[in-house]
Each structure stands twice: as structure tokens, then as C-alpha cells.
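If you read the protein sequences in the order shown, they are chains A and B.
Position 84 (the first sequence) corresponds to 74 in my numbering; numbering is contiguous.
Position 1 (the second sequence) corresponds to -9 in my numbering; numbering is contiguous.
Everything labelled a hint here was simulated from the structure, so no lab data went into it.
One should not assume that every hint holds.
If chains are identical, the list can't say which one is meant, so a pair holds when it fits in one copy or spans any two.
Restricting the straight-line Cα-Cα distance to at most 20 Å, the calculated cross-link-like pairs of lysine to aspartate or glutamate (DMTMM-like) are [unchecked claim]:
no.	residue 1	residue 2
1	LYS134	ASP107
2	LYS134	ASP38
3	LYS39	GLU130
4	LYS32	GLU130
Since we're looking at a predicted model, the values are computed, not measured.
Protein chains: 2
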Amino acid sequence: MAKLKLYDLEPSGNCYKVRLFCALLGLDLELEPVDLMGGAHKRSPFIDKNPFGEIPVLEDGDVVLRNSQAILVYLARRYGGEDWLPTDATGMAEVMTWLMVAENEIARGPGDARLHDKFGFAIDVERARTNAARILSLLEAHLKSNDWLALGRPTIADIACMPYIALSHEGGVSLAPYPAIQAWVGRVKAFPGFITMPAL
Amino acid sequence: MAKLKLYDLEPSGNCYKVRLFCALLGLDLELEPVDLMGGAHKRSPFIDKNPFGEIPVLEDGDVVLRNSQAILVYLARRYGGEDWLPTDATGMAEVMTWLMVAENEIARGPGDARLHDKFGFAIDVERARTNAARILSLLEAHLKSNDWLALGRPTIADIACMPYIALSHEGGVSLAPYPAIQAWVGRVKAFPGFITMPAL
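Looking at chain A on its own, in the form it has when it is part of the complex (with noise of 0.2 Å):
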């Protein structure tokens, strides 16, 4: 088997992604940690690899790849056979349009509340805490009658949302609230192989 190599932070969430989906999938990982706070990530090599400047980055073999939604994919794609993500059209879009909300919804808020609070970036607070609880809302209406985010059953559409999801407190929004989505987040963390992260 191909060594993967991970571009990592450890208290990322988009990088636990992909840690995560790797123990899922029983894949040999190398992590690579890259010293944000030294600003390696903005500098040669790690520039050359992601123009971004930004993490996670994974490398197979030869291919290079930014973003944590489209590295889900790609693992799916390669070591997933049709389980996590399938190539139908109406299977395919159905998991995409969740990789779209952990892209933009879930980012502008509760991730977005987390970068403030936890790591002290300049960002309306306020606003992602209001946008936290829209997409929450929506998530709770979801999943109190569906088990799984897309398909009736586990895919990466599951993977990529629960991270920031279950992250909220640390951006000081409560799931209280919320309890069809406590569950799903539990039943993520049920599955078999499951790996956790600081503050999950």
C-alpha cells in the first residue's frame, strides 16, 4: 500500500477529517506536523505544495492535494470502493451537497466562532454565532428523522460535518439545544475504528 503523507495540525479540524477517515478506512498515515505558529505554512516547501498556504495538505504517491472535502473525496474514490461516496448521479450530488454545507455553512459558523475564540482570529463572532445557529437548526430538523446526513447511510458527507460540528463549544456555541444532533454526532463515533481529537 501507498504511504500517505498528511500536512497536520493536530487540533485542526479539517485535518482530523482526514486523519479520521483514514483510520476508518484502515490506510497507513504518515502526519507531517507544520509549525503554523512559526508561519511554515506561508513559506517554501510547504507553499509549493499548496499555493493556499494553508493545511491539510496529502500526498500519495505523486498526487498533491489541498482541501479536506476534496481529499475525502479522493480517498473515497481510491480506497472506498462505493460505500463512502458513490458514483451515481443522484448518490454523488446528494453526499456533494453536504460537502458544500461543511465547505460554507459550517465554516461560516460554528468553524468560524471556533477561530475566534479558541485561536483569537479577527472575526465577527457575533455574526458566526447567529450563522451557527441557522445551520444547526437546519442540521437538528435533518437528522430527527434521518440517521445519516446523505443516502440513508454512513458516506464522507458525515465525515466532513461532524468535526466543527461537534467542535462548537470551543467556539462558544452550546448543543444543548440539539439533541437529534448529539446523537448523530455519537453515532459517528461509534463506528468501528473511529479515532477522536482534543475536544471532541
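Following the hints, complete the assembly by docking chain B onto the known chain A.
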């Protein structure tokens, strides 16, 4: 051929992506304008099709889909063969990285600036313009040595990213400093079957 129906708003770049891609694929598309000014997107029957209360929504027989990027994935997989979105892991993931740029950096940059200037949304427009400058610089650097965003050929990455980039001026952001971006927009506009939208 199944009749496709798009719940649409003419000045929406996200709706335009879907209209454009259907035109390029030669698909018959019925447009159903949604009265956003009147709040139709927040009421039944629309909200039952998309609990997020947002356009576009695509119907294809029994399939109902939200989110413009996910709709492009659906159309590419269902009607576009391997041309616009390949199914191999590396090719698909490379396209995905750019769909995520459309959903995140472009939305938070030129997209938000246009929502502020053209539609009066209460958005931090200075931050949106700062975000716009960052993603435009990254795109300019990429397009200086690449004709297309992914895979060396036209893909749904170009369809997903072009509209809000080409509409930047409606958010007070000029493309004058970005000749490679302007040339790329011109290449997309030269696609056989290309259709335009207001202000493009």
C-alpha cells in the same frame, strides 16, 4: 429526454451556472422564476423542496437538488460522461478542490462584495474585498500557466468559478490587474453553446 426544471433568479450567479451548463450540454431546461423579493423562497411550496430557503433548486423527474456546485456534479455525472467531471480519484479530487473554492473563497470574496453592493446585504464589504483580492491573486497565478482550472481542459471547475469572478465589478472589484483571469473568462465565453447573463 427528461424535462429539467430550475427554480431560478435571473441575476443570481449560482442560478446562471446551472443555466450555462445545461446550455453547454444541450439540455432542455424549464425556468421557474422564484419571487425572492416577495419571500417565496422562505415559504411552501419552495421551502419543502429546499429547507435552506435558497435558489437554485433543480428538479429532474423525482430528483430534487439544492446547491449550485452539487447540481453541476449531478448534471456532469448524469449527462456529461467523463468529460466535465472524471470519476478517477485524482481527476475528480482536482476538480473538487475548485468547486470548494467556488463555495468558499469566491463566495466570501467577490460573491459577498456583490451581495453588498448590488443587493444591499448587510455584509462587511471591506473584508469581502480583502478576501476577493486574495483569491483573485491566487487564481491569476494559477491561470498564468494553466488555460483551465483543472486537468488541463474545461471541467465543471471552470463553470463553477467563472460567474462570480466575471461579475466582480458589480461588487466594486476590478479585474484590470488580472490579465490571465480576463483571458480565462474569455475562453469560457467562447465555449460552443455559451449563453450569457446580465452584467457579464
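Tell me, which hint numbers fail for this structure?
Those not satisfied come down to hint 1.
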